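Student: Chains as they are written, first to last, in UniProt numbering: chain A, 1 to 420; chain B, 1 to 842.
These are calculated hints, taken from the structure and not from any lab test. Watch out, some of these pointers could steer you wrong.
Unchecked claim - Here are the computed distance ranges between Cβ atoms for each label pair: (1) B:Ala-727 to A:Met-111: 55 to 61 Å; (2) A:Lys-376 to B:Met-789: 35 to 41 Å; (3) A:Thr-221 to B:Gln-593: 30 to 36 Å; (4) B:Leu-703 to A:Ser-268: 57 to 63 Å; (5) A:Glu-71 to B:Ala-727: 50 to 56 Å; (6) A:Met-99 to B:Thr-770: 41 to 47 Å; (7) B:Thr-770 to A:Glu-355: 36 to 42 Å; (8) A:Glu-71 to B:Val-805: 34 to 40 Å; (9) A:Met-111 to B:Met-789: 18 to 24 Å.
From a predicted model like this one, the values you see are computed outputs, not experimental measurements. All C-beta atoms in this analysis are idealised placements derived from N, C-alpha and C, irrespective of residue type, glycine included.
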Amino acid sequence: MSQLQARFFTENEKYKIDDVPFSIPASSEVKDLSDIINKLLEGKYAAHSHVDFDFLVRGQFLRMPLVDHMEAEGITTEEVVEIEYVQRFTAPEPEECIMHDDWISSVEADMEWILTGSYDKTARIWSPEGNAVMTVAGHGDVVKDVAWVKRDGLTSLLLTASLDQTVVLWEWSSEPNKLKARHCCRGHAGSVDSVAVDPTQTKFCSGSWDKMLKIWSAVPTDKEDEYQEMPDRPRKKQKTETLGLTRTPLMTLSGHTEAVSSVLWCDSEQVCSASWDHTIRLWDPETGSLKSTLTGSKVFNCISYSPLCRRLASGSADRHVRLWDPRSKDGSLVLLSLTSHTGWVTAVQWSPTHEQQLVSGSLDCMVKLWDTRSCKAPLYDLAAHEDKVFCVDWREDGVSHFGGGVCNSRAERAVNGHDM
Amino acid sequence: MLNFDLCHLTRCGAHVVSGPYSMPASRSRVTEGTVMDTKEKSGKKRVAEEDDDQLSLFKIEKDGFPKKLEKEDNDDDLSDSEESVFSGLEDSGSDSDDDDDDDDDDDDDDDGGVGGDDDDDDDDDDDDDDGTVEETKDADEESLGKDNEEATILKTSTEQPFSEKREAKRQGEKASDGGNAVRKARASRARGTGSGKLEQAPGLGGQSSGAPPQGDEYEQDTSDEEDIRNTVGNIPMEWYQDYPHIGYDLDGKKIYKPIRNKDELDEFLDKMENPDYWRTVHDRMTGTDIRLSDEQVDLVHRLQRGHFGDASFNEYEPYVDFFSSETMIHPVTNRPADKRSFIPSLIEKEKVSKLVHAIKMGWIKPRQPKESGLQLYDLWAKEDPNSILGRHKMHVPAPKSKLPGHEESYNPPPEYLLTEEEKLAWEQQDPEERKLNFLPQKFACLRTVPAFSRFIHERFERCLDLYLCPRQRKMRVNVDPEDLIPKLPKPRDLQPFPTVQSLVYRGHTNLVRCISVSPSGQWLASGSDDCTVRLWEVCTGRCMKTIEVGGAVKSIAWNPNPAICLVALSFNQMVLLLNPGLGDKLVCSTTDQVIASYVEPEEEKEQSVQWLLPEDQDVEKGVRLIINHPKSVRQLTWHSKGDYLASVMPDNSNTQVLIHQITKRRSQNPFRKNKGLVQCVSFHPIRPYFFVATQRYIRIYNLIKQELMKKLSANCKWISSMAIHPAGDNVICGSYDSRLAWFDLDLSTKPYKVLRHHKKALRGVAFHKTYPLFASASDDGSVIVCHGMVYNDLLQNPLIVPVKVLKGHTITQDLGVLDVAFHPSQPWVFSSGADHTVRLFT
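Modelling step: build the complete structure from the supplied sequences, incorporating the hints.
Tutor: This is the structure we're talking about:
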């Protein structure tokens, strides 16, 4: 059996070993290498307990025998191979299953609460344990997206976007557990599919089926904007009255030729939107101008931006998760394609803490955890859902992530939390 | 040489009778005859009588000659005019006689030296044996000479001295000789030379002609002398007809014609009395009659018989071959060899060196050694492709006849022999049907084999085969069949088109008969046999609404106008107009307003349908209007403006198609006549045209002009569905016999292309609004998506490429996919199946 010269290194001080080349069997796999490292560590630190390691050769995770990997990557076996090892990311376990009555269209998690929007025209606030704390009802149609605006102390602001063409800004105080609709943002001519709050938490952007992006103020006021109601409208929608004060958009960004499926703020100076017209557009929310366009070949269902690696991840109807560099001007350069899903990728979310991890949900009932260093296959498939996955999110600490899914046949809904 | 003589002799023979210049030798005989005639006229009579038989013979032959001559000489009237001329000239004949005599005198002198003869007759007789040969020879030579010389008068002058010499003695002779002598002399002169002189001698008396001339034979030989008795030359003698003279002698004096006083009677008497009449010929040159001698007659006879003129000539003498194949001991000639034969030839050397050089250079190839031996060839071998015919492009070699097999052997193996039953069957078979055209037979040995009775028949058939069967080379195109397939672009290059199934819309409990997508592409309406209509959110597959209706939904159509939110659906005899309340709220409310704003017209028109307002509970469900038809409605289709709705009620009646106007709540029947069972109808997307598909034809009507514009024949048995290209110039129709026909309306009324990709009946076809795609749904459970690019360039035909077979529906109760619809903006296709599902392929 042939041998390879390898040198191991790690950035984790805890698991540092001596920087000497080792001769290892060429056909070693991850487990063999992990055993070697553990042996070495045991020899170094008496108190060492067994840890599973993952290995990276030139930034790529080792997923097959070492020699095969090097052959596939085109690395010569003559020289000493530099192998980085990291503590293995343990497989996420389903922690909690939150049952919902209807399809969950969106999920937004923070450290304390979980906010979900549902097809039963309500949004709900859940405690991490899975108890429904509050039901946000009032929309005349399906709630398509939800977002936390602000959480300070007991009161929080949250947004719900609905098929009834409105976004409602709610104020929720957790202690008396009271909910109040502060503003009803009206102006879209189609279902509002996506809302995103800017990092300063003073504005939010909504994307709608009517191809428009609208920027609204997220600051609750007592003043009501004039809304041009159609004079000959037969029946005034009484519901909207109960949903608080009418608010009109600060700005409308138009340019998409098809429905806008997803919006987000890259930073406070840049809005990014994905659309069914096969483009991702970057806008300047101050001037309302289009900054650049990334053109794909398929419908985009969702995008996510990671400030850590400054990459955009998009999920599209052709089953791929693609990584984009939003800074490239008018380039449609795909940095990386992550292909493993077998259905539309409906949701994608970068890890808030780890710059190489992202999670994606698809109509093929799978949630996948990806590491960009291993683009051929996801780190883990999370197959806890029984039906289509529409949304995923991370908890802010990056430990848990959630998927919103449906189980069509029995009308039973679940939000699965997975603990790392 | 001999042949040459013979030829001349025969010619002379011909001239003997009538030619004035011919046969001098014979003339001399005639002269003799005349001499005899005068002396022993009576004596010879008997002889003439004895010769009667000969005479008659000869006469006949004589008669024959002039005829020949007439043809040959063109002297037609010569023989006739001769006598008259001569007769007229008789008086002046003496002069010419005198002239002629001179020659004779000379001759006589010469002859005299040789020897003499006493009796003319004897002489004649003697000469028969020994003289004739020479005579004839001389005559020959003379005639030869004449041929050559008569043309040249010059030659005559060269011989002048000789004739002068004779002339000197002429005077003396004149007196002594009588008229006969003159004739004789002339005759001998006519004969010309030596032999003539011999014969002349007897005429002169006393001189023998029997012995050949001795001494200097060349002196005697006048064979090259011209007959110079008359110097007129070779001219037609009739020129002298009117003159008393017949020509001129050497001195330029006139030769007068002999006096001839013979008239017809004399002629007759002469004929009767003169025994030699038959052998008398007239010499036109001199105008005298000449009696042919026996030798001459004999010669004529021989020539007529085709024998040699010389009787003594042995034509079968042994041939002495001097230069034989046998090698002789002695050289034929004793000539010493030339010096040059010992010296190498420079010319030859030069030539050889040239040849050597040419061989070295390869210009000349040394001769190939000839292949010796039998030249055999294989009768059944294939024709050599390099032969001249084989190289010919169009040449088809004759088919080889079949090789004989074992059954054709005279002693075939027993298994080839037919049994009795087989023989019987063979005999009963038609000759055309027989496998073998003969019966195999067994013979003990080859000797007993009979002749092949069918040989000629078989050869004949073979010939028929060869020339009646056209051996024509078919221009077979030798190409790879792959190359013949038109170069279609690869489906990969024709993206986007739906490739995979993305979503399944579940909820129906019976087969989903019809689907329709909202113009925005957000919603999908489906009608099912479970008497419900479901409205789905396209991107999630969420069923937003379920509306129960009173029957299986046969057709559903979303209003194509984005400003109107209406879904038309039909079940049983009802057509419902449904406001689903999805999408823009504003649009929904506007739609409601439009429908509510209807004002009843003042006079109620009689309509074939009832426009009903729904009850309250139906209004809650979204139903806005009900159109009650007299018969069950199969299909609904909207005009692109969204105000007109056409409904189809397949029936045998005249009201199969109705066009409804929603705002005015009016219905009309555009067609008075029933042109067949209407399957489906469609509005033209831009122009006011209306497509009506019956079982076999698609008719296009202009609604404004109210006339039939085109009639497309689909070449199929039963059209099931139809779709119009968004540009309006192309139509596809699916049929129950699993064909999809594409019509280019600008091209023809026949299908531009017929696609038979489906295995079972087609149920639905659809065009994409923006992408060059069309799809067909079939009972085989598949949806086939084709790329159908229509070019603005009228010269370019549509490009049709099947790109994808989409499978996903399961076949339920022999039904597969029932309807197909494209997403209005994305390259996605929806299909509804008998498996209760609607599927989205992206």
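Student: All hints, please: hold or fail.
Tutor: Consistency of the hints with the structure:
1. Between Ala-727 of chain B and Met-111 of chain A the beta carbon distance is about 58 Å. The supplied range of 55 to 61 Å therefore holds.
2. Range check, Lys-376 of chain A to Met-789 of chain B: Cβ separation about 37 Å, and the 35 to 41 Å hint holds.
3. Here the CB-CB span from Thr-221 of chain A to Gln-593 of chain B is close to 34 Å, well matched to the stated 30 to 36 Å.
4. Take Leu-703 of chain B and Ser-268 of chain A: their Cβ atoms lie about 59 Å apart, and the range 57 to 63 Å holds.
5. Checked against the given bound of 50 to 56 Å, the beta carbons of Glu-71 of chain A and Ala-727 of chain B, roughly 54 Å apart, stay inside it.
6. Separated by about 42 Å at the C-beta atoms, Met-99 of chain A and Thr-770 of chain B satisfy the suggested range of 41 to 47 Å.
7. Between Thr-770 of chain B and Glu-355 of chain A, the C-beta spacing of about 40 Å keeps the proposed range 36 to 42 Å intact.
8. Distance hint check for Glu-71 of chain A and Val-805 of chain B: the Cβ-Cβ separation is about 38 Å, which falls inside the suggested range of 34 to 40 Å.
9. For the hinted restraint 18 to 24 Å between Met-111 of chain A and Met-789 of chain B, the CB-CB distance of approximately 56 Å leaves it violated.
Checked against the numbered hints given earlier, this structure breaks only hint 9.
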